[in-house]
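Keeping their order, the protein sequence lines are chains A and B. Under this note's numbering, the first residue of the first sequence carries the number 25, and numbering increases by one thereafter. Under this note's numbering, the first residue of the second sequence carries the number 36, and numbering increases by one thereafter.
A portion of the hints provided could be inaccurate.
To be verified - Selected chain A positions facing chain B (in silico; Cβ < 7 Å):
#	residue
1	Ser40
2	Leu162
3	Thr164
4	Asn278
What the hints assert, rightly or not - Covered, in the sense of this in silico footprint (three residues per stretch, anywhere, with C-beta under 8 Å from a C-beta of chain A), are these stretches of chain B:
#	stretch
5	114 to 120
6	126 to 134
7	214 to 221
8	332 to 343
Calculated directly from the structure, the hints in this document are not laboratory data. Heads up, the beta-carbon is just placed ideally off N, CA and C, and yes, glycines get one too.
Below are the chains, spelled out letter by letter.
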Amino acid sequence: MDAPRDGACWAFIRGSFELFVYGWYPEPERWRVNLSFLLLVIAIFGVLKDNLPGKKYWLWFAVFFPFIAAWLLVGGFGLVPVGTQKIGGILLTIIVGVTGITFSLPLGILLALGRRSHLPVLRAVCVVFIEFIRGVPLITLLFVASTMLTYFLPPGSSFDLLMRVLIMVTIFAAAYIAEVVRGGLQGLSSGQYEAADALGLTYWKAHRLIILPQALKISIPGIVNTFIGLYKDSVLVLIIGMMDILGLGRARLNDPLWLGLAPELYLFIALFFFLCCFSMARYSLGLEKKLRTGHKQ
Amino acid sequence: MKLKTTVTLSAALLALGVTSAAQAGTLEDVQGRGVLRCVTSTGIAGFAQPDANGVWRGFDVDFCRATAAAVLGDANKIEAVTSTGKTRFTKLNAGEGDVLWRNTTITFTRDVGVKLRFHGVNYYDGQGFMVRKDLGVNSAMELDGASVCIQTGTTTELNLSDYFNTNGMKYEPVTIETNDEGRQNYESGRCDVYTTDASGLASTRSALPDPDAHVVLPEIISKEPLGPATRHGDDQWSDIVTWVLNATITAEELGVTSQNVDAMKDSKNPEVRRLLGTDGSQGEELGLSNDWAYQIIKQVGNYGEIFENNIGVNTPLGIARGLNALWTNGGLLYSPPFR
Chain A
25 MDAPRDGACW AFIRGSFELF VYGWYPEPER WRVNLSFLLL VIAIFGVLKD
75 NLPGKKYWLW FAVFFPFIAA WLLVGGFGLV PVGTQKIGGI LLTIIVGVTG
125 ITFSLPLGIL LALGRRSHLP VLRAVCVVFI EFIRGVPLIT LLFVASTMLT
175 YFLPPGSSFD LLMRVLIMVT IFAAAYIAEV VRGGLQGLSS GQYEAADALG
225 LTYWKAHRLI ILPQALKISI PGIVNTFIGL YKDSVLVLII GMMDILGLGR
275 ARLNDPLWLG LAPELYLFIA LFFFLCCFSM ARYSLGLEKK LRTGHKQ
Chain B
36 MKLKTTVTLS AALLALGVTS AAQAGTLEDV QGRGVLRCVT STGIAGFAQP
86 DANGVWRGFD VDFCRATAAA VLGDANKIEA VTSTGKTRFT KLNAGEGDVL
136 WRNTTITFTR DVGVKLRFHG VNYYDGQGFM VRKDLGVNSA MELDGASVCI
186 QTGTTTELNL SDYFNTNGMK YEPVTIETND EGRQNYESGR CDVYTTDASG
236 LASTRSALPD PDAHVVLPEI ISKEPLGPAT RHGDDQWSDI VTWVLNATIT
286 AEELGVTSQN VDAMKDSKNP EVRRLLGTDG SQGEELGLSN DWAYQIIKQV
336 GNYGEIFENN IGVNTPLGIA RGLNALWTNG GLLYSPPFR
C-alpha cells in the first residue's frame, strides 16, 4: 500500500473469483452448480431457438428445469444437502433473477386474466393483490420476508430465508407483469374476442390460440423491461444481509490486505450485469422483429 | 362466541408453543447442531470480512471462534449469519443466530427496548475526525465552517451535530452511505473532514494513497462501547458468552498466550490453574468441559493476540490499544476474577 497506485489492480478480482461465483458453496459439490448452469443454458436454448426437432420435449425440459436445478443445488434425495445460507455471489444473483423471471410470467398472465375476468370475486382478489404488491417497494417486501415472517413463525421452525425471498421477488415481479400483459390484452381489438366467440371456442382455447399469442407479442418490450428491472433489483437482497455478488463484493472490500479497491470491484459487477441485461434486451429486439407480421399499415 | 373462544384458545396455544420453544437451552441447541451460528456484519474492515476463500476473519469473528472453541471444542465450527445494521437484532431474537458479535454499540434502548442481554465490552470505540495534515488543524475545536463527510442514519450524524452546536460552530454536511464512499469523497477533496468511529477512521486512513499526509484529531466526541449480545431468557447461555469474553481478557492479564498455554497449565498461580481447568470445576459449572478456556486460548488466543492479529499496529489498520489496553496498562479492559 506504500507505492502510489497508477493502474487498476485486477488481482483482487482474480483472487476471489471463485468466491464471487459460488459464494460459500462447498468445493467438492461445485460440479452441481456447474451442471445446473449448463442445464440452464440448455433450457434457455431450447425455449428460444426456433425449428428445433422435438421442440415439445425441449419445452417440457424447460418447465421442469427449475425443479431439477433446485434439487441439484439444495441436495437431498441422494445428494449431499447444502444449506441455502452457503449460496452466495453470482450464483445467488442468478437464482433470484431466474426464479423471479420464470415464475412471475405465468403468475402474471393469470393475474392479468383474473383482473379482466367477469367473475367478481376473482377479479376483486386479483385487483387487490396487484395493487397491494405494486403499492409497496420491493425492499419493504424483503424486510417482511426477512424480519416480519420470523415473528409469526415459532422460533426453530425456520422457513428458509432464501425461499421466503424468492417468493417475495416472484410475486413482486408478477404484479408488474400482470399490468404489462393487461396492457397487451387491452391493445387487441374487440373483433378478436368476438371472432373467437363466433368460432365457438371455450375461454381457455380462445385465449391460448387467439388472444394471448397476440397480446403477449404486443407486451414483449414491457415484459422484458420488467425482467431486466427485476434482475437488477435482485441486488436489494444485500439489505437483508444476503450475500449476492454486490454484497459479497462489498464484504471483500473490507479485507485489510486489499483496502481501497472499490473501482475495480464495481466495474467487474457492472460488467456482469451489463452482459446479462444487454443480452436480454438484444434478444427481445430480435423476437419483436421476428414476430412482426401483418400489422404494418 | 364459539368462534371467538376457538381463536383465543389457539392463539394461547400458539403463544405457549412459541415460549416453550424459546426456552429450550441455546447451549443444548448449539451442541446438538455441532455448529455455532454468530450474527456478524456483512463486512467491516478488520472486524469481520471474508478472505479470498470465503472464510470469515476479523476481530469479532475471532470472538465468535472463541465461543465455538469453548462450547464445541473446535473454533472452526462457526457459521456466519450475515446481517446489516437493520436486521441484526431481529435475526438474533428470531433465533437465526445464537449470539451476536457484530460491532454493536451497547445502549439503553437496545438493552431494554430491543430486549437484548449485553455481556461486557470487547472494543471501546468513539467518534473521531480525520483531516489533511496540510490544513494545519490540530484540534476539532478549529473545524468551524468545515465541510464534513458523514454517514447518514447513524448515531455519528447526531453526535456530530450535537458537538458542533454545543461548541457554537458551523459545518457543512456531505452525506454518504458507506465507509468506502466516504473515503473517496474525502480523498477527492469534496469534504475537509471525515468523521466516523475511530476504528473506521484508522482503516480509512490506511487505504488512502499517502496515509502520512492525514491525521486523526485527538478529540473523541462519543462513547461507543461495542460488545456481544444474546437473547433474553437464557441465563446459562448468557453466562457462557460473558465468561468467554472475560477469559480472553483474564488470560492476557495473567500472561497466558496461545504459545505458552500448555506450559501454563502447570503454573503455580491458582487463578491460572482455575482458568485453564487444572484445578476446580468452573467449566462444568458453566455446562461446558473443564478445559473450555484452554481451548479458547490454544485455538484463538487471548484478548491481546486477537487484537494484534486483526486490527493491531502491525496490521494494515494499525490501531493502537488505547482505551482497549488492560486496566493495568492504562486502558479500560477489566475482567472480574476467576474465583
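Hint by hint, here is what the structure shows:
1. Ser40: For Ser40(A), the interface hint holds, since the closest Cβ of chain B sits about 4 Å away, which is under 7 Å.
2. Leu162: violated (15 Å)
3. Thr164: Where the cut-off is 7 Å and the nearest Cβ of chain B is about 12 Å from Thr164(A), the hint is violated.
4. Asn278: holds (4 Å)
5. 114 to 120: Coverage by chain A holds for the stretch 114 to 120 of chain B (5 residues, Cβ < 8 Å).
6. 126 to 134: That given contact holds, which follows from 4 residues of the stretch 126 to 134 of chain B lying within Cβ reach (below 8 Å) of chain A.
7. 214 to 221: holds (count 3)
8. 332 to 343: Check failed, 0 qualifying residues.
The structure shown violates the earlier hints numbered 2, 3, 8.
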